[in-house]
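A.B. asks: The whole structure should be built from the sequences, with the hints applied where relevant.
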Amino acid sequence: MAPNYEAMILGCSCSSIQSCRIDFKVQITVGCIPIDLCTIVAHAGDENFHTIILFDPNNDEHRREAERLNHYMVCTALTMAGHRTCTGEHGVGTGKMKYLEKELGIEALITMKRIKTALDPNNIMNPGKLIPPHVCF
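If you read the sequence shown in our numbering, its first letter stands for residue 15, the second for the next number, and so on.
Calculated directly from the structure, the hints in this document are not laboratory data.
As the structure is a prediction and not an experimental result, all values here were calculated from the model.
Among these hints, one or two may not hold up.
Unchecked claim - Taking lysine to aspartate or glutamate and the DMTMM-like style, the derived pairs with C-alpha atoms no more than 25 Å apart in a straight line are: (1) K110 / D74; (2) K112 / D74; (3) K110 / D70; (4) K130 / E115; (5) K112 / E81; (6) K127 / E20; (7) K116 / D70; (8) K112 / D70; (9) K110 / E121; (10) K127 / D70; (11) K127 / E117; (12) K143 / E115; (13) K110 / D134; (14) K112 / D134; (15) K143 / E121; (16) K130 / E117; (17) K143 / E81; (18) K112 / E75; (19) K110 / E75; (20) K130 / E20; (21) K116 / E81; (22) K127 / E115; (23) K143 / E117.
C.D. replies: Structure (structure tokens):
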């Protein structure tokens, strides 16, 4: 299929998978760079969906388009009514950390950082992986 391509995998949760799926297909269609290798996998019962965008890692335009689609879908999921999260059922990871403040608010992140600091004062457990680095208290 595309042996030299990389996969950008996105997991989100929307209150309406169908509208997210349709919206994502529209974004792929109107995107400036064609991404021909993309699929959507949804869990019908728990409102999670995953997209797998295959792109040529040596092509800067393809990488930017994959990142644009990823950003668009995360922001779409966060603005929908009902259960909304940037993560789906998976953890945040370094790729979604930048969306946490939009989803949870700065006060929640400050609280999370205080708890992390109390439990891990030497910051040896997953340093830089839980709370965005700009969050201070």
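A.B. asks: What's the verdict on K127 and E115, does the C-alpha distance respect the 25 Å limit or exceed it?
C.D. replies: Cα-Cα ~12 Å, so holds.
A.B. asks: K112 and E75 were given as a pair; does the straight-line alpha-carbon distance stay at or below 25 Å?
C.D. replies: holds (22 Å)
A.B. asks: Keeping to a limit of 25 Å between CA atoms, is the pair of K116 and D70 held or broken?
C.D. replies: Violated, at about 30 Å.
A.B. asks: Would the hint linking K143 and E115 be met if the CA-CA limit is 25 Å?
C.D. replies: holds (14 Å)
A.B. asks: Decide if the proposed pair is consistent with the structure: K112 and D134, CA atoms, cutoff 25 Å inclusive.
C.D. replies: holds (22 Å)
A.B. asks: Given the hinted pair K143 and E121, is their alpha-carbon gap at most 25 Å?
C.D. replies: holds (18 Å)
A.B. asks: Taking only the CA atoms, is the gap from K130 to E20 under or equal to 25 Å?
C.D. replies: violated (33 Å)
A.B. asks: K143 and E81: Cα distance at most 25 Å?
C.D. replies: holds (20 Å)
A.B. asks: Take a quick look at whether K130 and E115 sit within 25 Å of each other, Cα to Cα.
C.D. replies: Given that 25 Å is the threshold and the Cα spacing comes to 16 Å, the pair holds.
A.B. asks: Under the criterion that the straight-line Cα-Cα distance not exceed 25 Å, is the pair K110, D74 satisfied?
C.D. replies: Judged against 25 Å, a Cα distance of about 21 Å means the pair holds.
A.B. asks: Verify the proposed pairing of K110 with E121, using a straight-line Cα cut of 25 Å.
C.D. replies: holds (18 Å)
A.B. asks: Please verify whether K110 and E75 have alpha carbons no more than 25 Å apart.
C.D. replies: holds (21 Å)
In summary, the numbered hints that this structure violates are 6, 7, 10, 20.
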